[in-house]
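Given the coordinates of chain A, assemble chain B onto it according to the supplied hints.
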Amino acid sequence: MPAAITHRLMVVDDSNVIRRRIERANDLPDIDFVGAARNGVEALALHEQVQPTIVTMDLTMPEMDGAECVERLIERDPNIRILVISALSDKLTAMEALEKGASGFLCKPFTDRQLNDALRKLIAD
Amino acid sequence: MPYETEVGVFIDSVLHYFSSTVQQPAQCGTPFLALSNGPDVYDYSGLIRVSGSRTGVVLFTASKSMLSVMLMRMQETDMSHDNLCDLVGEIANTLSGNARRDFGHQFAISVPSVITGRAEPVEFPANARPIVIPIDWRNYHARLIICLQ
Numbered sequence: 001m002p003a004a005i006t007h008r009l010m011v012v013d014d015s016n017v018i019r020r021r022i023e024r025a026n027d028l029p030d031i032d033f034v035g036a037a038r039n040g041v042e043a044l045a046l047h048e049q050v051q052p053t054i055v056t057m058d059l060t061m062p063e064m065d066g067a068e069c070v071e072r073l074i075e076r077d078p079n080i081r082i083l084v085i086s087a088l089s090d091k092l093t094a095m096e097a098l099e100k101g102a103s104g105f106l107c108k109p110f111t112d113r114q115l116n117d118a119l120r121k122l123i124a125d
Numbered sequence: 001m002p003y004e005t006e007v008g009v010f011i012d013s014v015l016h017y018f019s020s021t022v023q024q025p026a027q028c029g030t031p032f033l034a035l036s037n038g039p040d041v042y043d044y045s046g047l048i049r050v051s052g053s054r055t056g057v058v059l060f061t062a063s064k065s066m067l068s069v070m071l072m073r074m075q076e077t078d079m080s081h082d083n084l085c086d087l088v089g090e091i092a093n094t095l096s097g098n099a100r101r102d103f104g105h106q107f108a109i110s111v112p113s114v115i116t117g118r119a120e121p122v123e124f125p126a127n128a129r130p131i132v133i134p135i136d137w138r139n140y141h142a143r144l145i146i147c148l149q
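These protein sequence lines are chains A and B, in that order.
First residue of the first sequence? That's 1 in the numbering used here, and the numbers climb one at a time after it.
First residue of the second sequence? That's 1 in the numbering used here, and the numbers climb one at a time after it.
In short, the hints are calculated from the structure, not lab data.
Partial list, computed: chain A residues near chain B (C-beta under 8 Å): (1) ASN16; (2) ARG20; (3) ARG21; (4) ARG24; (5) THR60; (6) MET61; (7) SER86; (8) ALA87; (9) ASP90; (10) LYS108; (11) PHE110; (12) THR111.
Ideal Cβ placement from N, Cα and C applies to all residues, glycine included.
The shape of chain A in the complex, shown without the other chains (with noise of 0.2 Å):
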C-alpha cells in the first residue's frame, strides 16, 4: 500500500489573527503546517527554508502583495499549489489571481468548514 502523501502548508496574510485561525481550522490529517508570513517579501525567504508543497495567500498586504507573490512562487516550484484568501470578492480579482497561476480562491470571511473544504479541493486536484 502506498504511503499517504503529506502536504506541507505555509500561510501568508499580514493578519496574525488569519494566520492563527487558518493554522488552527486546518483539520486535514494530510496536511501539516510548516511556517506562517506577514507578506510577500518574507514568503519567499520562508518558501526557501521550508519548502511547502501548498500555500493560502492573501492579497493586500504591505511590502509585496499577495498577486506578486503567487507569481514568484509558481516561477520557483511550478507545482506548488496556491489557495488565494482574500476579501477582495469581485471577479475580475479572482480571475487574475487564477491566471497567475493560484490553484484556488477563497472569499474572506469564510467558516472553518468552507476553509477545508478549499484545502480539500486544492489537494486533490
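Okay, now just chain B, sitting in the frame of chain A:
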C-alpha cells in the same frame, strides 16, 4: 449606484461577516448621516483608504470588550492589544474588500491602519458627509462609518 444601494452593500457585508466569522448574527440599525465630520468612535478603529473609482475612507470601530469576545468566538487565546488592533484592521479590510463585488474592480483599497482610543481624530474627506451604520452584536455596539466621494 443609488445611495441606499451603496449602504445596503456594506450592511450585507457586515451581516455576512458576523455570521461567517463568529457564527452569531449581528443586527444593523438605521444608517444616518453624521452631524459633524468626526462621528464618535469606540476604543479601536480600523481604517481603509479608498481610491480609484471612488475616494474616501471606510472605518470599522468597536469596543475592546466586543473585539475580545469576537476573538474568543474565533478560538483565539491571544487577547493582547496587538491582536485587538489586528482584528479591527482585518474587519475593516474584509468589509471594504467585499464591497468590490458590487463597486467593481476599480474600487481600490489600502492596507488597514488602526487608530486606538478616541483622542486621535479620524480624518474624513472634507467634502463628503460620513454615513454611520450602527451595528449590534450580542450586548455590544460597533459602527461602520463610510465616507466616500
